[in-house]
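The whole structure should be built from the sequences, with the hints applied where relevant.
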Amino acid sequence: GQQVQQSPASLVLQEGENAELQCNFSSTATQLQWFYQSPGGSLVSLLSNPSGTKHTGRLTSTTVTKERRSSLHISSSQTTDSGTYLCAIDHYGSSGNKLIFGIGTLLSVKP
Amino acid sequence: AQTIHQWPVAEIKAVGSPLSLGCTIKGKSSPNLYWYWQATGGTLQQLFYSITVGQVESVVQLNLSASRPKDDQFILSTEKLLLSHSGFYLCAWRQSSYEQYFGPGTRLTVL
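Protein chains in written order, with our numbering: chain A, 6 to 116; chain B, 22 to 132.
By construction, these hints were calculated from the structure, which means they are not laboratory data.
One or more of the hints may lead you astray.
Below, a sample of chain B positions facing chain A; criterion: calculated Cβ distance under 10 Å [as the list claims (entries may be wrong)]: (1) W28; (2) G63; (3) Q66; (4) S107; (5) L111; (6) Y119; (7) E120.
Here are the computed lysine-lysine pairs in the DSS-like style, where the Cα-Cα straight-line distance is at most 30 Å [claimed, not checked]: (8) A:K59 / B:K34; (9) B:K101 / B:K91; (10) B:K101 / B:K34; (11) A:K59 / B:K47; (12) A:K59 / A:K71; (13) B:K91 / B:K47.
Beta carbons are placed, not taken as given, at the ideal position from N, Cα and C, and that holds for glycine.
See the structure below:
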């Protein structure tokens, strides 16, 4: 079935450094979303980017659909960026439409 | 603006006891609704989805059931909790093929 793999598993940065997170998926995705999950568990949608490049604030996502990969670049990291970053893709299967999530990248930004 | 509310915020329950978790969407008519579950340290998994009142499809069998009694309400329940039901439960909505938006979640501890 559809799989989503994220790397690195964890990342430790000093405040102000940039982060590059990777997401690879096993078949064509019609929708790809990046989420931030806080240490408390709540999920926030960061970017929806099924193809091309999108920017919002300090975040840039680039998705190359035919290579089945997406990246999330965080510039000038802040301590408040700490948390887990999840990549998810749409999957249309026998049980309908569902989002398949990766395990995430745990980001820790030190002051 | 759309808001999504989940209740309760957290629950501690005994094995074998019943459970009911709720989710309400305001400001959006006829949304697609979803229940997700995340074990501690695990991947988010979609459990159920519903595209209309009274219709719920199961994606993953976890000895749980879901119902959609009203357009803006989604309920997750079981008559007998298992230890393996512990984790974080998230409700989400989407309109057609657009992004999914998540509620704040319910943390369940089964003892």
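(request) Check each numbered hint from earlier against the structure, then list the numbers of those it violates in ascending order. (result) 1, 4 and 8
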